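There are 2 protein chains.
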Amino acid sequence: MKIAIAQNNYHVGNIEANTNKINEQIIKAKAQKADMIIFSELAICGYPPLDLLEQKSFIEKSQKAINNILMHVEDIVVIVGAPSINDDPQGKKLYNSAYVLEHGQIKKIVHKTLLPTYDIFDEYRYFEPNEVPEVVEINGHTIAITICEDLWDEQPVDQPFAQSRLYKKAPMKKLAGNSPDLVVNIAASPFSYNQEQKRKGILKRNAHDYQIPLIYVNQVGANTDIIFDGASKVLNTNGEIIKQLKRFEEDFDIVTLEKIEKQGANIQNPSETRIQQIHNAVVLGIRDYFKKSGFEKALLGLSGGIDSAVVAALACEALGSKNVHGLLMPSEFSSDHSVSDAETLALNLGMPHHTLAIKEIYNIVNSTLSPAFPNNNFDVTEENIQARIRGLLLMAYSNKHGNMLLNTSNKSEAAVGYSTLYGDTNGGLSPIGDVYKSDVYAIARYINRDETVIPAGSIEKPPSAELRPDQQDSDSLPDYDILDRMLFEFIERKQSVDDLIGMGFNKQDVLKVTHLVNINEYKRYQFPPILRVSSKAFGMGRRYPIVAKY
Amino acid sequence: MKIAIAQNNYHVGNIEANTNKINEQIIKAKAQKADMIIFSELAICGYPPLDLLEQKSFIEKSQKAINNILMHVEDIVVIVGAPSINDDPQGKKLYNSAYVLEHGQIKKIVHKTLLPTYDIFDEYRYFEPNEVPEVVEINGHTIAITICEDLWDEQPVDQPFAQSRLYKKAPMKKLAGNSPDLVVNIAASPFSYNQEQKRKGILKRNAHDYQIPLIYVNQVGANTDIIFDGASKVLNTNGEIIKQLKRFEEDFDIVTLEKIEKQGANIQNPSETRIQQIHNAVVLGIRDYFKKSGFEKALLGLSGGIDSAVVAALACEALGSKNVHGLLMPSEFSSDHSVSDAETLALNLGMPHHTLAIKEIYNIVNSTLSPAFPNNNFDVTEENIQARIRGLLLMAYSNKHGNMLLNTSNKSEAAVGYSTLYGDTNGGLSPIGDVYKSDVYAIARYINRDETVIPAGSIEKPPSAELRPDQQDSDSLPDYDILDRMLFEFIERKQSVDDLIGMGFNKQDVLKVTHLVNINEYKRYQFPPILRVSSKAFGMGRRYPIVAKY
Chain L
1 MKIAIAQNNY HVGNIEANTN KINEQIIKAK AQKADMIIFS ELAICGYPPL
51 DLLEQKSFIE KSQKAINNIL MHVEDIVVIV GAPSINDDPQ GKKLYNSAYV
101 LEHGQIKKIV HKTLLPTYDI FDEYRYFEPN EVPEVVEING HTIAITICED
151 LWDEQPVDQP FAQSRLYKKA PMKKLAGNSP DLVVNIAASP FSYNQEQKRK
201 GILKRNAHDY QIPLIYVNQV GANTDIIFDG ASKVLNTNGE IIKQLKRFEE
251 DFDIVTLEKI EKQGANIQNP SETRIQQIHN AVVLGIRDYF KKSGFEKALL
301 GLSGGIDSAV VAALACEALG SKNVHGLLMP SEFSSDHSVS DAETLALNLG
351 MPHHTLAIKE IYNIVNSTLS PAFPNNNFDV TEENIQARIR GLLLMAYSNK
401 HGNMLLNTSN KSEAAVGYST LYGDTNGGLS PIGDVYKSDV YAIARYINRD
451 ETVIPAGSIE KPPSAELRPD QQDSDSLPDY DILDRMLFEF IERKQSVDDL
501 IGMGFNKQDV LKVTHLVNIN EYKRYQFPPI LRVSSKAFGM GRRYPIVAKY
Chain G
1 MKIAIAQNNY HVGNIEANTN KINEQIIKAK AQKADMIIFS ELAICGYPPL
51 DLLEQKSFIE KSQKAINNIL MHVEDIVVIV GAPSINDDPQ GKKLYNSAYV
101 LEHGQIKKIV HKTLLPTYDI FDEYRYFEPN EVPEVVEING HTIAITICED
151 LWDEQPVDQP FAQSRLYKKA PMKKLAGNSP DLVVNIAASP FSYNQEQKRK
201 GILKRNAHDY QIPLIYVNQV GANTDIIFDG ASKVLNTNGE IIKQLKRFEE
251 DFDIVTLEKI EKQGANIQNP SETRIQQIHN AVVLGIRDYF KKSGFEKALL
301 GLSGGIDSAV VAALACEALG SKNVHGLLMP SEFSSDHSVS DAETLALNLG
351 MPHHTLAIKE IYNIVNSTLS PAFPNNNFDV TEENIQARIR GLLLMAYSNK
401 HGNMLLNTSN KSEAAVGYST LYGDTNGGLS PIGDVYKSDV YAIARYINRD
451 ETVIPAGSIE KPPSAELRPD QQDSDSLPDY DILDRMLFEF IERKQSVDDL
501 IGMGFNKQDV LKVTHLVNIN EYKRYQFPPI LRVSSKAFGM GRRYPIVAKY
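Top line first, the protein sequences correspond to chains L and G.
The letter at position 343 of the first sequence is residue 343 when you use UniProt numbering, and the numbering goes up by one with no holes.
The letter at position 50 of the second sequence is residue 50 when you use UniProt numbering, and the numbering goes up by one with no holes.
Since the hints were made in silico from the structure, they are not lab data.
Be careful, since some hints might not be right.
With a cut-off of at most 30 Å between alpha-carbon atoms, the simulated DSSO-like pairs for lysine-lysine come out as follows [unchecked claim]:
{"id": "1", "chain 1": "L", "residue 1": "Lys-108", "chain 2": "G", "residue 2": "Lys-549"}
{"id": "2", "chain 1": "G", "residue 1": "Lys-523", "chain 2": "L", "residue 2": "Lys-322"}
{"id": "3", "chain 1": "L", "residue 1": "Lys-21", "chain 2": "L", "residue 2": "Lys-108"}
{"id": "4", "chain 1": "L", "residue 1": "Lys-512", "chain 2": "G", "residue 2": "Lys-259"}
{"id": "5", "chain 1": "G", "residue 1": "Lys-61", "chain 2": "L", "residue 2": "Lys-507"}
{"id": "6", "chain 1": "G", "residue 1": "Lys-549", "chain 2": "L", "residue 2": "Lys-246"}
{"id": "7", "chain 1": "G", "residue 1": "Lys-21", "chain 2": "G", "residue 2": "Lys-259"}
It should be emphasised that the depicted structure is a prediction, and the values quoted were computed from it without experimental measurement.
Chain L on its own, in the form it takes in the complex:
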C-alpha cells in the first residue's frame, strides 16, 4: 500500500483555501498511484481554531468541506482531521476527529482520546474525549489511527510540579491489542525549541515498544502566535526514523507500507542548533503572520540596539528588505554611535528608512503638560514620554503607509517590565518576545555568520534604553547572562523563590526579579501576540492574574 503524506500550511478559519489545498494534494497523490493520503489534525479548519468551534455556521462549513473532498475520493483513501458533532446531548458538542474517506463515502470517524488542556491548549473547552479506541480496516490492513496527544500517554516531565503527568487513559495500549499493521498519528504539534526532541522520543518509543510502523503527519506554518514546524516522520518497528519531511516548510512524500518495516534508518536528520531553530521559526512566524493577515509591508523603530537590529534582519528575511521600513527617532539622549549603527544596519539590509528627531515634540509635550505637573523634575514620566512619542510616530507611519508595526521587545524585558506601555510595547506582532536577551545576541551572531549584517557596535555596546543620560540596563538589573538563567528557572521551570536562592542566585536579585515579573502582568496583558518558541511563552499559554498578591 502506497501512502502519501501531506504536510501542509493551513490558515485558521479559511476552510475554503484549506479544502482546495487538500483537494490538490489528493489529485497529486492519485497521479502518483498512492492508495491512501494522510493530512494533519483539524486540517480542514486549521489549528488552533479556538472559539470559531462554537459557531454553528463554522461547523456546518467544515462538514460541507468534507462533502466536497468526498467528490475527489473514488480510488484513494483519505485520512483528514476535522471537527465532528457529538450527537449525544451529554458531554461537549464536538469531537476532534480523523475522518476516513473511501469510495466517495465517510468510512469511519475516529475521535481523539487525550485532549491537551494545559499551556496554550484548551481542547477540553470544545471537545468530548473518545472513550473506546478502535482500529480501522483499510485495504486489508489494520490501522490504528491516533490524533496527536493520543500517543503521549507518558509525558516527559520538564517542570517539577505541573501537568506533565500520566494520563489515566492509554489509547495506544488498547489499540495495540488489535495488532495493527500501522499506527497513523495526525498532529498539530506546535514548535518550541525543545519539542522536536521530545516528540522523537515519544514516537520512537511507541513504534519500538509496540513493534508497529508509525506514520506521523504534522501541520506546518504559523497561525498568530503558534508556529508549527512540520517534520512529519515515518518510523520502522525498531523505532528508527526512516523518513522525515522538511522542517518549517510544506512538503509531500510517499512511502510504501510493506517497505517500512525492512527499511533501515539511512536518513540523516539535519541537526539544527537551538538558535538556528529559533531563527527559522521566527522567520516563518513573521512571514505567515503577514501573509495570512493580508499585509506585505512591515515597519519598526531602529534604535541602534541589538533587539531592533535582530527583528529587522529577521523581518527582511521573512518579507524581503524592500518591505521592511525603519524609523530612526533619536532624542537628546541617543548616542551618536546608536544613530550610526542604526543607519549602517538599514544600509546593510537595504531597508527603506527615515530619520525623525523627537526633540521638538518632546518639548511641546512637556510644556503642554506643565500646568498639570507640580514641577519640571525629570523622572520615569519623561522617559516614557520619549518612548510614547516614538510609538505615536510609528503608528502614524503605519496608518499612512499600511505597514504593520513590529514590536522589538525581548523576553527578558517583557518579563521584568522594562518597557513603556503604548510606547515600545506597540506592534501588531512581537517576533522575539519569547527570546531571552542572551539568545537575541546569539541570533545576531548567527545572522552575521557569513557577513556583517548587524553592526558590531549594536552587539558589543552595553544594553541601554537611552531614555536618560548614561543609562544602562545593568544599572538596575543583574547582567543578562544571570538574569536570563534566573528567569528561565522561574518562568519555564516554575521554580520558587526559595528554589532559586537554593540554586545559588543572589537573594536580593531573586527577590527583585521575581517581584518585577509578578507585578508586570498588567503590562504583558496588553502586549501584542508573541511568537512562541519556548515551552512557556508569555501569552495564552501563561495565565496569571493581574490583581493579585503572591
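Based on the hints, put chain G in the right spot on chain L.
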C-alpha cells in the same frame, strides 16, 4: 445545628490576608455559638487563581493556611474551599476541594466533580474531576457537600450551539441516594446580569426535586475582570429561598438547620433591574481593582461624551470624587458644547480636572512626520494622531501623579473596532467595555435618577468621536439601537450571518458589522482587562484567532 455563612471578598493569591479573614469569621461564628461555618470555593487562594495553581510554593502555602485554620477549629466545624493534591500520578495534579475541618483535624476532603471549562472557566486545565461523590457525617447529620458547578448537571441553554449541555455525570443525583439532611454548595459563581436568575432556577430545582434544604455560599468582590456578586442563599425543601445574603457586599449570617425546613419564604429579595445590577457590579469592579492593586487615584479623559461621563460617575462612586482626576484635551474638532459638558460634569461630580489643548502637539507631530509622508492629506492617520496624543498625555499624567488610567470604551465600539489602539484604548481597566452603547445611555439616566450629574448635552447629542469636522458615529454604522441588538445576537448568542439576516436585520449592515467584529480581534487582543457583566464579554472568555479568515 447552627450554621454560619461567611460571604467574603477574597484577594487572589493573597493567602495570608484570606486566611486572616477566614480565621476572624470562625472566631465570630464561635462567639455566636455556631456549630459549623461555611466559606466559599477556593476561599483560601481566591477565585480565579489561574496559573498560580501550577506553582508548587503556592500550593504549599495554601496547605499551610489550612494548618493555620485548624488551630482555630476546636469546637466548630469548618467547610472551606482550597486546592488539594492528587497523589495518583495519573491525571491532573490537583483537585478543587472542600476541606471539612473538625476537632483540629482534617475530617474529610471533598473534591469537585463537574469542572467548568468554557467561557472564562479553565478548571480542567488544573484539576482532576472527582469520580465518586460521597456524603459526610457532621454532628449526626448527613451532609452532601458540592462545589459550584456540581449542582449544574442540567445547564440552561441560552446559546443555540454551545457548551450549554448536559454533563455526563450527575453528582447530586448520586449524593441524593444517601438521603442527606442538607446540601451545601460552596461557589465562586461570577456575576453577569442574567446569572442570578439562572442560579436561582438551578438551586430551587435541586432543593425542590431532592426535597433537601440547601445552603449556597458564594464569593463576593472582583478579581481583575471577574466580578462576584455574593447573594448566598438558604433554600427550604420546597425550593423556596428563605434567606439571602447581600449582593455586591461582604455578609455573614447564621441559620439553624432544623428550622430551615419549616420556615416559609418570607423574605423579599430586592429585585434589581438589569441596569441597576450592571451599575452596582461595575462600581464594585472598579473599587476592588484599585484596592487590590494598591491604587487610590484614577484618571480619565473627559471628552464631553456619554462614555467618559458614565465612567467618571461610576469611578467617583467607587473611589470618591477627589480621587478621580479628569483631563479635558480639546482639539480643533471638539465642539464648544463638548468642552462645556465635560466641565459641567467635572463640577457636578467635584472631580479635580485640567484642560490641556492638543493643537500645538498635533501641529509639531505633523510637521515632524512630513518628510516621511507623501502629502498633507487628512485621513484616518490624522484622526488617530489626535487620539494618541491624548493617550500620551493621560499616561504622562498617570506616571507623574500615580493615578491609574481608566479606559472609556464601550462594548459596541470594542466590537466594531471604532477606537484608536494606543489612543483611547489605553487604560489599566475598562469599566464599561462589556456594556453596549444603548446600556451606557441607560446607566447615565440611572445615575441622573435623583439629580443631574451627567449633563443633558452628553446624553442627548448624537455620538461622535470628534476627530474630523462634523463626524458622527451614525455616518458609518447603523444606529446604536439596531447595532447593539445585532451585536448581542452575534456575540452573546453566536448567531450566524444568515441567522441575523433571517431575523430581519439589513443584509448590508449585517455583512459590514460582522466583518468589522471579526477583523478587529487584533485590537481587542491589546485591550485592558474588561469588567465582565454579560454572559460573553471580550477578554479571556472569548478566544478568537487573530490571523484567521472566517
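A quick look at each hint next to the structure:
no.	hint	result
1	Lys-108(L) x Lys-549(G)	holds (29 Å)
2	Lys-523(G) x Lys-322(L)	holds (27 Å)
3	Lys-21(L) x Lys-108(L)	holds (22 Å)
4	Lys-512(L) x Lys-259(G)	violated (55 Å)
5	Lys-61(G) x Lys-507(L)	holds (20 Å)
6	Lys-549(G) x Lys-246(L)	holds (26 Å)
7	Lys-21(G) x Lys-259(G)	holds (28 Å)
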